[in-house]
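Modelling step: build the complete structure from the supplied sequences, incorporating the hints.
Quick mapping for you: the protein sequence lines, in order, are chains P and D.
Numbering that gives the first Met the number 0 puts the first sequence at residues 0 to 289.
Numbering that gives the first Met the number 0 puts the second sequence at residues 0 to 268.
Hints in this document: simulated from the structure, not taken from any laboratory.
Lysine-lysine pairs mimicking DSSO-like chemistry, simulated, CA-CA at most 30 Å apart:
#  : chain 1 : residue 1 : chain 2 : residue 2
1  : P       : LYS75     : D       : LYS99
2  : P       : LYS205    : P       : LYS68
3  : P       : LYS124    : D       : LYS190
4  : P       : LYS220    : P       : LYS205
5  : P       : LYS205    : D       : LYS262
6  : P       : LYS124    : D       : LYS8
7  : P       : LYS75     : D       : LYS8
8  : P       : LYS75     : P       : LYS125
9  : P       : LYS14     : D       : LYS190
10 : D       : LYS187    : D       : LYS263
11 : P       : LYS75     : D       : LYS263
12 : D       : LYS190    : P       : LYS125
13 : D       : LYS12     : P       : LYS93
14 : P       : LYS172    : P       : LYS26
15 : P       : LYS202    : D       : LYS187
16 : D       : LYS187    : P       : LYS68
17 : D       : LYS16     : P       : LYS93
18 : D       : LYS8      : D       : LYS262
19 : D       : LYS187    : D       : LYS16
20 : P       : LYS68     : D       : LYS263
21 : P       : LYS14     : D       : LYS263
22 : P       : LYS125    : P       : LYS146
23 : P       : LYS146    : D       : LYS8
24 : D       : LYS99     : D       : LYS12
25 : D       : LYS263    : P       : LYS205
Negatives, chain P to chain D, calculated, CB over 10 Å:
#  : residue
26 : MET0
27 : LYS9
28 : LYS14
29 : THR60
30 : SER122
31 : LYS146
32 : GLU170
33 : ASN173
34 : ALA254
Not everything, but these chain D residues come out facing chain P in the computed CB check (under 7 Å):
#  : residue
35 : ASN1
36 : GLY104
37 : THR105
38 : GLU107
39 : PHE108
40 : TYR110
Quantities reported herein were computed from a predicted structural model and do not represent experimental measurements.
We put the CB at the ideal spot given by N, CA and C, even for glycine.
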Amino acid sequence: MDIIQVTNLKKYYGKHLGIENVSFSVKEGEILGFVGPNGAGKSTTIRILLNFIFPNGGNATICGQDVVKESHEIKKFTGYVPSDVRFYGDMTVKELIRVSNEFYSGSHDKEAERLCNLFELNSSKKFYELSMGNKKKAAIICALAAKPRVLILDEPTNGLDPMMQKRLFTELKNQSANGVSILLSSHNLGEVQEYCHRVAFIKQGKILAITDLKEMRHPQKIITTIGGKDIIHPSMQLLEQGEVKRTFRYKGDSALLLKLLQEASPDDFTVNNESLEERFLNLYGMEEQQ
Amino acid sequence: MNVFRLEIKNTWKSTLKWTIVVCSITFMLLAFFPSMQTESMKELAGAKMEGIDPALLEALGLSKLMDFTVITNFFGYVLQYITLAIMMFVTQVAVTSLVKEETDGTIEFLYSKPISRNAIFIQKVLANTLSFLFLLAALSIITVVGYLSFSEYNFTESIQEVGILYSSIFYVGLIFMSLGVLLSSLLKSSKGSSGIVIAIVFGTFILGIMGVIINELSFLSYFSPMDWIKTQKLMTEGICREEWLIGVLTITICSFASYEIYKKRDLHL
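Rendered as structure tokens:
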């Protein structure tokens, strides 16, 4: 079941393109990575989902409710962590969490306390006194305390130390296992590859590809050969051609690969699994060449 | 009423500072009143004012040679400058009410919570109105205390006069507040809002002066709400029908327009 459904979303800032025909979905219990360079349109998409800004076309729903018309209802079950956390500086973390929780029905004090302990956050400090990482922790606690069904996270690990990043993702994994749907915007491809189910690549306001990361568990291979003959085969995609060095992407079984390499008989070669980072760079490189 | 409480919490320090300053100035000015009643001061003031150009007297709000030995005249004169300060406060609070959180970035916290823009708008405006009422209530108390301490007015007379003066200031304050809220819904940033506040408050004040000095421009007084409530006029003529109409229309149109604009605007983060 699609919890977040985005269809042909468009946003222009005057004449400047924000996003165009952005479509993707997030299923129940899924973590969707949202990846792209700075200014690609990630934050614009997120801001439309939260009704901070209005789209010029297309539509988006969360749990079947329109993000423009029923934003108020959507936010009852949606948590949000902004990339740049700027909360009320004069308040202590405790006050902020209390104020945040007051917007939701029911008591969430115990959950907030559990999260404060998990992220080792001193809640008696004023917000302006906190480091960047601790501000991020406060935002994460405010977003998670009310036990939302949907989480929209804009670069949530920015400023967090590696141990806290690990704790956050363990928590997100647990939440996802309990049916929480998560849209995770991030620059950190390693964390996206490790924790997300699928990833949507966006560039210059357009979705380039949506990849199932299960495929990455059986990754394509990047083959580099030095010297030897050309390899021409449907399963070999030439990525880069130097004087003697050639780089290919290979999708197929090992036996065929060995046979192809034997036929080409290069002076030297390397075989590596393709990482998400390479996929990202190839995708964006290809786009740039076009 | 979470946003209401949040807004009060965020603005109470500034409200308190303004209240303390304006109340202190008001009380100190009232404390001058007994010295105005002495014969020598009366003669001095009369002689000085007779030598001043009538146009300048008009501009200073001294359209007739006022008898400053009467507390209503004396306080009415100084009140026009206190009113300027009050309008500065009200307009400043209103201009920053919606847009400041966008400039500071704190609006992301609020907007990610389950509360509609309508509710945010209404609760913020209510919080601003309460801050304004708090300032007026404190000023009313201080003024009554001043009247009782420095004039021969009894409690009932003081309450009656102060009630008329400050309720008219409340009315004019609502006009400036609605203009401020409208601007707040249109601005992209609260930076430079002080200049806008000064332009609105002093601009309308100066329009009023021009309307008084230049006969051909007397219609400008309609664009100067502070002119509508000058004490001498207020005590004799009250607020006229046209002034009520312009004021109520301004409040209604500005409030409705800012409400609609705020509902449909993109956040600037």
